[in-house]
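Student: Hey, can you work out the whole structure from these sequences and the hints?
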Amino acid sequence: MSEDMLLQATGLCKYYHSGDSDIAALDHVDFQLKKGAFTVLSGRSGSGKTTLLNMIGLLDNPDAGSLHIAGEDVLALATSARANFRLQRIGFVFQAYNLIRVLSARENVAYVLQLRGMPKKERLNIADRWLSEVGLDGLENRRPDQLSGGQQQRVAVARALACEPALVLADEPTANLDSQHGESLMHLMRDLNERCKMTFLIASHDPVAMAAALQCVYMQDGQIVSRDTV
Amino acid sequence: MFSIYFRLGLRNLLLYPMRTGLTVLGLGIGIAALTFLSAMNDGWLQNMKLNFVLTQMGHVQVHSKGFEQSRRITDYMADTTQVDQALQSMPHVKAWTHRIRVSGLASAAGANASVLVSGIEPEKEKKVSRLYSFVQAGEWLQVGDKRGVLLGDVLADRLSVGLGDKVVLMAASPEGDIASEVFRVRGLIHSGVMDVDNLLALVPISMAQDWLHLGDGVTDVVIRADTFTAVDTIVKHLEGVLNMHDFEVLRWQEIDPMAEQWTMFAEVYTWIVLLVVIVVVLAEVLNTMLMSMYDRVREFGLMTALGTRQGQLFAMVVCETLVLVAMGGILGFLLGAGFSLYFGHYGLDLSQYATAFSFMYMSPIVYPELTFNGCARILIAAMLGAILASFYPAWKASRLNPATAMREV
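These protein sequences, in sequence, are chains X and W. Taking our numbering, the leading residue of the first sequence gets 1, the next gets one more, and so forth. Taking our numbering, the leading residue of the second sequence gets 1001, the next gets one more, and so forth.
Mixed in with the good hints there might be a few duds.
[Said to hold, decoys possible] With a cut-off of at most 35 Å between alpha-carbon atoms, the simulated DSBU-like pairs for lysine-lysine come out as follows: (1) Lys1124(W) / Lys1236(W); (2) Lys1127(W) / Lys1094(W); (3) Lys1396(W) / Lys120(X); (4) Lys1396(W) / Lys121(X); (5) Lys35(X) / Lys197(X); (6) Lys1126(W) / Lys1065(W).
[As the list claims (entries may be wrong)] Part of the chain X face toward chain W, derived, beta carbon under 8 Å: (7) Gly57; (8) Asp60; (9) Ala83; (10) Phe94.
[Claimed, not checked] To spell it out: a stretch of chain W is covered by chain X in this simulated footprint if at least three of its residues, at any positions, have a beta carbon under 8 Å from a beta carbon of chain X; those stretches are: (11) 1305-1316; (12) 1397-1407.
Everything labelled a hint here was simulated from the structure, so no lab data went into it. Being a predicted model, the structure only gives us computed values, none of them experimental. Just so it is clear, CB atoms sit at the ideal spot from N, CA and C, and this is done for glycine as well.
Tutor: Structure below.
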């Protein structure tokens, strides 16, 4: 794996059982991602985008293949080591139910920092800084049910970036947002990618997301069918 | 990290006020009832022990070796100087007295009844037992009144005698002769304890020694300790000082098997109460926590995805359960302690069962006793129940596959 390569997946397979047959959600996928990339995984529903994202995010296990992130064979890691790897190296933005509902925006962002063992004052400062960065000044103490969908996604982005991860994974981040908020969120992530040099991998079939991408990877029936650099 | 567990636990519980409130109420009522039951048990036991010891038994008794088993007057102590000297400066000894204890027969005006004759030192006896406080008619034995006798009121009824009447007491002397002596009834005693009211005849010890040809001998040295916890110390001290080939030193519970059995039963009862506490907490909490866990599968999935370790999720659910049980426990303790303190002050009148109580040296008015140990036992049992109840939901939550969990609706 070369110096500038962050992620290398080879021959990833994932099958789901349905009755007597196996359905290939991922079918021998080879995939690479460079540091600082802003890549969108695109394709129809059921094409395998989320499954690939779950494998890369160590949220699920492939049935075959290998996966190296930042030079580490992550599939060889034990459960607790995987949790730690996610905590240290990966930031997540999910489609919905993204935040812990009983914690405020500030506490949601600070949660991952607390998991890392950061002192209270420091983690609250960082949380406030990132909330400001995503344009949520003054909303730090609001709970998720007091925020709009777009604001909740911004909190999720702030949380994903607060740990300064090597890789940010976002699964359909604009799916529950109107086009205006979707566009705004994608611009925010693209801006952070440029300024903070963080690597983004986004699964989305939203044209707004694809428009913001530096690279688009198309998936169909569990396979990567094309790669376009914008 | 624990601060976030408790904060999350408390806020999640408050998210469903009705469900949490009902669980807390159920827990509170259960723990209140069990706290009160435990206090009743402690009150009963304490009352029984005190009555047993202070009615006539004392905390510790010294006899001639084998007397308690044989109950034969031949096994009397001819000389108690060694015992008296040992007790003179012994810490925790509040008072002691000598007695002569012998079974016999009482006759009066054509009626006969078996009696337990107790020769006592009237003034010293006052400091050791409550017998003098049970005099309900007449008066306590006076020093120098050699022919005075106090009878249990039921015994007096059976003999059809009253104050001033004559009673003949007969008992075997150590030589095997049947000796009899005439006494005059000076008082009647009523203790509420069957053994005392139905059987006891108290006479001056000096008269009993003359009548039964015992010289200065006695059968019992009865010791009152300043606390129950001092009993073992006194016994060990005496066993170290006395020649144990000649004497036996018995604790109060060794003198009467019933008292020992009741003490053991009280212990068993305590364990039963604690077991019920655990079951109540388990039943109340397990359902609530499982519901809460299934409601939050996505949230647990999210937490796992963010890097929360299995052990941390497990601890989080356990903490939430502990917070829930703590809320119910506080409510329960306040209610239970309130009832216990109220009835501990005013008493719970169970006089209609007085006869049954008299078998067990128990006063018909029960005063629940709220002890630190009793409260601590229930608290520990409740927390143990909470931890047990949290294990399954905590285990389930910590084993969730994040990808699957986050797909749950």
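Student: Under the criterion that the straight-line Cα-Cα distance not exceed 35 Å, is the pair lysine 1396(W), lysine 121(X) satisfied?
Tutor: holds (33 Å)
Student: Would you check whether phenylalanine 94(X) satisfies its interface hint, that is, whether its CB is within less than 8 Å of any CB in chain W?
Tutor: Holds, about 7 Å.
Student: Apply the coverage criterion to the stretch 1305-1316 of chain W and chain X: a residue qualifies when its Cβ sits closer than 8 Å to a Cβ of the chain, and three qualifying residues are needed.
Tutor: holds (count 8)
Student: Within 35 Å, alpha carbon to alpha carbon, are lysine 1124(W) and lysine 1236(W)?
Tutor: Holds, because 24 Å separates the two Cα atoms, which is no more than 35 Å.
Student: Can the stretch 1397-1407 of chain W be counted as covered by chain X under the rule of three residues or more with Cβ-Cβ separation shorter than 8 Å?
Tutor: This one holds; 5 residues, not fewer than the three required, reach chain X with a Cβ under 8 Å.
Student: For the pair we were handed, lysine 1396(W) and lysine 120(X), check the Cα-Cα distance against 35 Å.
Tutor: holds (30 Å)
Student: Would the stated hint for aspartate 60(X) survive a check requiring a Cβ distance to chain W of less than 8 Å?
Tutor: holds (4 Å)
Student: Between lysine 1127(W) and lysine 1094(W), is the straight-line Cα distance small enough, at 35 Å or below?
Tutor: holds (8 Å)
Student: Given the proposed pairing of lysine 1126(W) with lysine 1065(W), does the C-alpha separation stay at or below 35 Å?
Tutor: holds (26 Å)
Student: Quick one, are lysine 35(X) and lysine 197(X) close enough, alpha carbons at most 35 Å?
Tutor: OK: lysine 35(X) and lysine 197(X) at ~8 Å, within 35 Å.
Student: Take the shortest C-beta to C-beta distance between glycine 57(X) and chain W; is it under 8 Å?
Tutor: Holds, about 7 Å.
Student: Does the nearest C-beta of chain W fall within a distance shorter than 8 Å of the C-beta of alanine 83(X)?
Tutor: Holds, about 5 Å.
The structure agrees with every numbered hint stated previously.
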